[in-house]
Structure formats: C-alpha cells, structure tokens
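J.: Sequence:
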Amino acid sequence: MKITPIKTKKIFPDDDLFSHLFYSLPPLQEKQLLVISSKILSLCYGYYVKKETLSKETLIQQEADIFWKSEKGPIQLTIKENCFLPFAGVDESNSAGTYVLFPKNLFFHATSIWETLKKHYKIEKLGVLIIDSHIIPLRKGTVGLGLSWCGFHPLYSYRGKKDCFNRPYTLTDLNLVDSLATAAILEMGEGDEQCPLALVDEAPKITFMDRPPNEEEQKQLIINPEEDFFSPLLQGACLQSK
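So for the sequence shown, this note's numbering puts the first residue at 92; every next one is plus one.
Incorrect hints may have been included.
Unchecked claim - Computed beta-carbon distance windows for the label pairs:
no.: 1; residue 1: Glu281; residue 2: Ser110; range: 21 to 27 Å
no.: 2; residue 1: Gly232; residue 2: Ser322; range: 21 to 27 Å
no.: 3; residue 1: Lys213; residue 2: Asn305; range: 24 to 30 Å
no.: 4; residue 1: Ala187; residue 2: Asn305; range: 36 to 42 Å
Claimed, not checked - Listed next, the in silico DSSO-like pairs over lysine-lysine satisfying Cα-Cα at most 30 Å (straight line):
no.: 5; residue 1: Lys296; residue 2: Lys160
no.: 6; residue 1: Lys252; residue 2: Lys296
no.: 7; residue 1: Lys160; residue 2: Lys195
no.: 8; residue 1: Lys93; residue 2: Lys209
no.: 9; residue 1: Lys209; residue 2: Lys98
no.: 10; residue 1: Lys142; residue 2: Lys160
no.: 11; residue 1: Lys93; residue 2: Lys210
no.: 12; residue 1: Lys296; residue 2: Lys93
no.: 13; residue 1: Lys231; residue 2: Lys296
no.: 14; residue 1: Lys253; residue 2: Lys195
no.: 15; residue 1: Lys209; residue 2: Lys101
no.: 16; residue 1: Lys252; residue 2: Lys160
no.: 17; residue 1: Lys93; residue 2: Lys231
no.: 18; residue 1: Lys195; residue 2: Lys122
no.: 19; residue 1: Lys310; residue 2: Lys296
no.: 20; residue 1: Lys93; residue 2: Lys122
no.: 21; residue 1: Lys231; residue 2: Lys310
To be clear, the hints were calculated from the coordinates, so they are not data collected in a lab.
Idealized CB from N, CA, C, for every residue including glycine.
Assemble the whole structure, with the sequences as input and the hints as a guide.
T.: In structure tokens:
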C-alpha cells in the first residue's frame, strides 16, 4: 500500500471545495482511495462559528450528543455521531478566528465528492473517505477515525476463514475505514504540513462498489452500546444527554 499526502493552498471559510480538489489533485486513477480531512469539509460548507459568538464550552454542549461534566474544568469527553470525541469535534487549530465544527451530512458529502470526481476524471472505481482524528482511552496521542465513505466496503470479514492454527473465525471483522484513516493521518499530519488530502494506492482487502452505501450500509460500523466492550463507561453518574 502506498499513501501520498497532497499539499493544498490554505483553506479559508466558505472556499469552494471542488476548486481546491481540482487544483491540488493529480489525475485520479482507477482503484485509488481519496482521503479527505473533515476540517476542510467543515470550512468549505459553513460548519464553523466565529470565536466571538459564544464560549467554547457552550458550543461543546450544543454540539455533543452526550457529554460528561468534569469537576476539574471544562467539558472534554463527549460522544458525537456514535464516536468518542474530545470537545464534540469542536476544533480551533488550523483555522483563523473560528471554531471548526464536526460536519453534518457526512455521507451526502462523501457521495457528492465521489460522483463528481468519478465523472471529472472518467474513472469507474474510486473510494472516498472522510476522516478526523480522535483519542483512545488510556493511550496518549491521536489516531485516525473514518467518519464517512463512498465507493468501497468499510469492513473486511474474517468469518469462515481460518487462523494460522487452522481454527475458524466466527466474529472478527477488520475495520478498514479507521485503519485507512490512521495510516493516512500518519502521512498527512495535523499541523503545518498543510496536507488535508491523501491518495491511497493498492490498499489491501478493499472491495470497490459501483454505488454509494445505502442507509443500512452506512450503519455497518455502529455497535449497540449495550453490546460494546466500553459500555461500563457509559453508565457513570456524570453522564449527561441533551
């Protein structure tokens, strides 16, 4: 697998996303995956708030689906769109004078980008993956998180396959979306690299699709909280829900 980070011009609120894509991308080839930082999506489509409008903590409460109030200071841990995220995805890095919000309509945007680029570059097989970074409990540092995708299957199933001792797997699925997101962020960076895009070639275990994911397929990575290994974390007394 080869990941190529793509440097762009600086992106400002209300810029045209496709102008940046067409300017920065090389001619796309069959069976490539385009990885896009959700931050540029938010900036280009108006998912941001000027800092003088309201406090960051108030904004986090508004944006979070679920949040924990901390006795030590401002709200930090939240759940947004079925993901543990610090600050409900509200971010002020790599933006001038704004709080960048977690984007809405993620699968709509992934599909729109997929359809437009396929038509523009006259290709049939293309994957689009919109990503962010997040943190994992009890581990330092950020890793990648896939938010939405189009043009490929998000999971690789080991069910029915054998392990190295010839024992059958029964439940194991490999999460391709978050695996690709983490690998891509390593190349893209999160600072002054100014590379909010990446192209992935020869990604293993990928099955391309000739249509966008339907509503059921969009939920393939979501697990019932009652069945989640982390379910005890959701039962704390400080849990608050809007």
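J.: Each hint needs a verdict: does it hold in this structure or not?
T.: Consistency of the hints with the structure:
1. Separated by about 23 Å at the C-beta atoms, Glu281 and Ser110 satisfy the suggested range of 21 to 27 Å.
2. Checking the proposed 21 to 27 Å range against Gly232 and Ser322 shows it holds: the Cβ atoms sit about 25 Å from each other.
3. Checked against the hint of 24 to 30 Å, the C-beta distance between Lys213 and Asn305 comes to roughly 25 Å, which is consistent with it.
4. Evaluation of the 36 to 42 Å hint for Ala187 and Asn305 yields a pass: the beta carbon distance comes to about 38 Å.
5. A C-alpha spacing of about 41 Å is found between Lys296 and Lys160, which places the hinted pair above 30 Å, so the restraint is violated.
6. Annotation: proposed proximity of Lys252 to Lys296 holds, straight-line Cα distance about 14 Å (limit 30 Å).
7. A distance of roughly 24 Å separates the Cα atoms of Lys160 and Lys195; the hinted pair therefore holds under the 30 Å criterion.
8. For the suggested pair Lys93 and Lys209, the alpha carbons sit about 21 Å apart, so the restraint of at most 30 Å is met.
9. With a C-alpha separation of about 21 Å, the suggested pairing of Lys209 with Lys98 holds against the 30 Å cut-off.
10. Taking the CA atoms of Lys142 and Lys160, the gap is near 22 Å; set against the 30 Å cutoff, the hint holds.
11. Of the pairs offered as hints, the one joining Lys93 and Lys210 holds, with about 24 Å between alpha carbons and a cut-off of 30 Å not exceeded.
12. Taken as a hint, the Lys296 and Lys93 pair is honoured in the structure, with Cα atoms around 14 Å apart against an allowance of 30 Å.
13. About 29 Å separates the Cα atoms of Lys231 and Lys296, which keeps this hinted pair within 30 Å; it holds.
14. A distance of roughly 40 Å separates the Cα atoms of Lys253 and Lys195; the hinted pair therefore is violated under the 30 Å criterion.
15. Our distance criterion of 30 Å between C-alpha atoms is met by Lys209 and Lys101, whose separation comes to about 25 Å.
16. About 44 Å separates the Cα atoms of Lys252 and Lys160, which puts this hinted pair outside 30 Å; it is violated.
17. With a CA separation close to 26 Å, the supplied pair Lys93 and Lys231 stays within the 30 Å bound.
18. At most 30 Å may separate the alpha-carbon atoms for a hinted pair to count; Lys195 and Lys122 meet this at roughly 27 Å.
19. Restraint check for Lys310 and Lys296: satisfied, since their Cα atoms lie roughly 20 Å apart, inside the 30 Å limit.
20. Straight-line distance between C-alpha atoms of Lys93 and Lys122 comes to about 12 Å, which keeps the hinted pair within the 30 Å bound.
21. The straight-line distance between the Cα atoms of Lys231 and Lys310 is roughly 28 Å, inside the 30 Å bound, and the hint therefore holds.
The structure fails to meet hints 5, 14 and 16 from the earlier list, while all remaining hints are met.
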